[in-house]
Amino acid sequence: MPKILPLFTKALTDSWRSTLAWAVGLSAACMLYLPLYPSIGGSAQMQDLINALPPEMTKALNYDQIASGPGYTQATMFGLIGFLLMSMASVGWGAAAVGGDEESGLLELTLAHSVTRVQVVLERALAIVVRIALLSLLVFLLVLGLNGPSQLGIDVGHLAGAVLLFAALALLSGTAALFAGALSGRKVYGIAAGAAVAVLGYVFNAVGRQSPDVEWLLNLSPYHWAYGNSPVANGADWGATAGLYGISAVLIVLGAVALQRRDVGV
Amino acid sequence: MTQAIVVEGLRKKFGSREVLHGLDFAVEPGKVFGVIGPNGAGKTTTMRCLLDIIRPSAGSISVLGQDPRTAGTSLRRRIGYLPGELHLENRTTGRRMVEHFAAISGPVPPKHVNELAERLNLDLDRQTRKLSKGNKQKLGLLQAFMHKPELLVLDEPTSGLDPLVQQVFHAMVREAVDDGATVFLSSHVLSEVQQAADAVAILRDGEIVTVSTVETLRTAAVRRLRFNSSGTEAHDVGALLARVPGVANVAVRELKADGHTAGTVEATATLSGQVQPLVQELARLNLTDLVLEEPDLEEAVLTLYTAPSPRIGQSPGPGQPAGNGPEVGQATGRHAEGAHRA
Chain A
1 MPKILPLFTK ALTDSWRSTL AWAVGLSAAC MLYLPLYPSI GGSAQMQDLI NALPPEMTKA
61 LNYDQIASGP GYTQATMFGL IGFLLMSMAS VGWGAAAVGG DEESGLLELT LAHSVTRVQV
121 VLERALAIVV RIALLSLLVF LLVLGLNGPS QLGIDVGHLA GAVLLFAALA LLSGTAALFA
181 GALSGRKVYG IAAGAAVAVL GYVFNAVGRQ SPDVEWLLNL SPYHWAYGNS PVANGADWGA
241 TAGLYGISAV LIVLGAVALQ RRDVGV
Chain B
267 MTQAIVVEGL RKKFGSREVL HGLDFAVEPG KVFGVIGPNG AGKTTTMRCL LDIIRPSAGS
327 ISVLGQDPRT AGTSLRRRIG YLPGELHLEN RTTGRRMVEH FAAISGPVPP KHVNELAERL
387 NLDLDRQTRK LSKGNKQKLG LLQAFMHKPE LLVLDEPTSG LDPLVQQVFH AMVREAVDDG
447 ATVFLSSHVL SEVQQAADAV AILRDGEIVT VSTVETLRTA AVRRLRFNSS GTEAHDVGAL
507 LARVPGVANV AVRELKADGH TAGTVEATAT LSGQVQPLVQ ELARLNLTDL VLEEPDLEEA
567 VLTLYTAPSP RIGQSPGPGQ PAGNGPEVGQ ATGRHAEGAH RA
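Here the protein sequences line up with chains A and B, keeping their order.
Just so you know, this note's numbering puts 184 at position 184 of the first sequence, and the rest follows in order with no gaps.
Take the position in the second sequence, starting the count at 1, then add 266; the result is the number in this note's numbering.
Looking at chain A on its own, in the form it has when it is part of the complex:
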């Protein structure tokens, strides 16, 4: 009796430990940061302190918007700590899915069985999508739960849109890692590619916001595509959402094509 999507099922069950660990990390971040809003973002003293900081710094950290509940959530959770944790999880999974598996010598035996290479890439990519979706759903529920108690005042529809973008941004660095790993057969290239997408996206956004002379950098930043209009406060930019998911889909397909065309394990 052939099992449905055996590689997908295996990828999910094999990674429940790491998924759980990232879930704990994200929960802790939400529960530490968001309840602090009333005493930080909402307080006049804190606002004075932020006004005293160099404006370049507040722009780089997105702290120019933390005076409102949605802006605070956007800047701290979605824009910084949550973004960092999700990107790390996603890049790790993406790099391990094909490149890491090949480097450790495991992929050879899997491919000797009755699977196609395209199937390997697609099923494992799907497993990454599902894990990111689970973690994003968790963040959605946590923020929703803290919305009232922490006086954040976030619109639920806007929050849903922001979480979609939060997931899309993480998925993009994960699929970049998957693609580079499938292309090279090396985990380290996957990590490098995924980290580059996440880090450069963040840096281009931080630098691009400093002055009109370098504003063009924003166009190169997936981080800015997703968060440029502060979606927790203003709702998702659906064009950006579709674009980010579209690029991820293309990267997954390219990964499948790359693996299909080359020698494995050499």
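Simulated from the structure, these hints should not be mistaken for lab results.
Just so you know, even glycine gets a beta-carbon here, dropped at the ideal spot from N, CA and C.
Incorrect hints may have been included.
Cross-link-like lysine-lysine pairs, in silico, PhoX-like; alpha carbons within 25 Å at most [as the list claims (entries may be wrong)]:
1) Lys414/B / Lys399/B
2) Lys377/B / Lys402/B
3) Lys414/B / Lys3/A
4) Lys297/B / Lys414/B
5) Lys414/B / Lys402/B
6) Lys377/B / Lys3/A
Calculated Cβ distances over 12 Å to all of chain A for the following chain B residues [stated by the list, open to error]:
7) Gly350
8) His366
9) Ser398
With chain A fixed as given, assemble chain B onto it according to the hints.
Then chain B, alone, in the frame of chain A:
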């Protein structure tokens, strides 16, 4: 009936380095075909090409009548493969690993996995990272045999197995062949292949040196000869041995120590080729002792490895002496161990 494997003009380049220089061979269905050669000869590369894990640079391959490059999953379902370097996941048990591969390449008769595990004396519920090299190899064999494939491609299957489990493995190969399967296996030492294989290809530096049966190798192989004869002179014995075709390395000496009558001669020599002419000549002597050893196929093969090759000229290639040395040692070690157990 079509051949189980047909390889024609197989070449493989990695970058600018060509590691297979045009292999041609065919494996008959229902037979055991062994490939032997030193490390780096191209055995693993050839096997990976059969499984479409790597792709040939030139030449054609037909496995069970299909091109592995285009045949897809249905062909690999009919093949059982044991990689030369077997890597297993750490955080799993043998049973979970086997179930996963069964889900992909099945159907696997449910009882069959347990039967194989029992025969191989393998605990499927242990964590794979705690398994010894030999036990990992057993797990690799199990996943290759479990779905009763029509073709078994086994890269160094007995590596790491103790002599008892090697016997189990040879029995499994015989049963698979009795059920109609074809077996393609490799080794860097002949002793592992000679028990199982009907035909043997010797691969060196990406070229097939020869394809022959174990019997043919046996006649080409060198036997050691030692005998004592009484009532003769040393130079007569030397002259007699010199007349026999295939005799070399003759050493003759007269024994005059206590307990020996004068005129007892001890002779040692090596023999390659037919035994009959030697026996006829020896019949003229008054033998008091005679030992004609089992032919050392290892040596026969080693002479083929190191024979001048058109590609590398008279001197052996860079890795070769280093490659051969330890293997000879390993082989003798195993023989000694085997004798010990017996």
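Subject >> Cβ separation check - Ser398/B to all of chain A, threshold 12 Å >> reply: The assertion about Ser398/B holds, with a minimum of 18 Å to chain A.
Original post:
Since Gly350/B was said not to touch the interface, does its Cβ keep a gap of more than 12 Å from each Cβ of chain A?
Top reply: violated (9 Å)
**OP:** For the pair supplied as a hint, Lys414/B and Lys399/B, confirm whether the alpha-carbon distance does not exceed 25 Å.
**Re:** holds (24 Å)
**OP:** Compare the distance between the alpha carbons of Lys414/B and Lys402/B with 25 Å, and conclude whether the hinted pair is satisfied.
**Re:** holds (20 Å)
Subject >> Hint consistency between Lys377/B and Lys402/B [alpha-carbon to alpha-carbon, up to 25 Å] >> reply: holds (21 Å)
**OP:** Would you check the hint for Lys377/B and Lys3/A, treating anything up to 25 Å between C-alpha atoms as holding?
**Re:** Holds, at about 18 Å.
Original post:
His366/B: least C-beta distance to chain A exceeds 12 Å?
Top reply: violated (5 Å)
Subject >> Restraint check for Lys414/B with Lys3/A, where alpha carbons must lie at most 25 Å apart >> reply: Since the Cα atoms of Lys414/B and Lys3/A sit roughly 19 Å apart, the hinted pair holds (cutoff 25 Å).
**OP:** Please work out if Lys297/B and Lys414/B have their alpha carbons no farther apart than 25 Å.
**Re:** Between Lys297/B and Lys414/B the Cα gap is close to 15 Å, so the pair holds against 25 Å.
When held up to the earlier numbered hints, the structure conflicts with 7 and 8 and fits the remainder.
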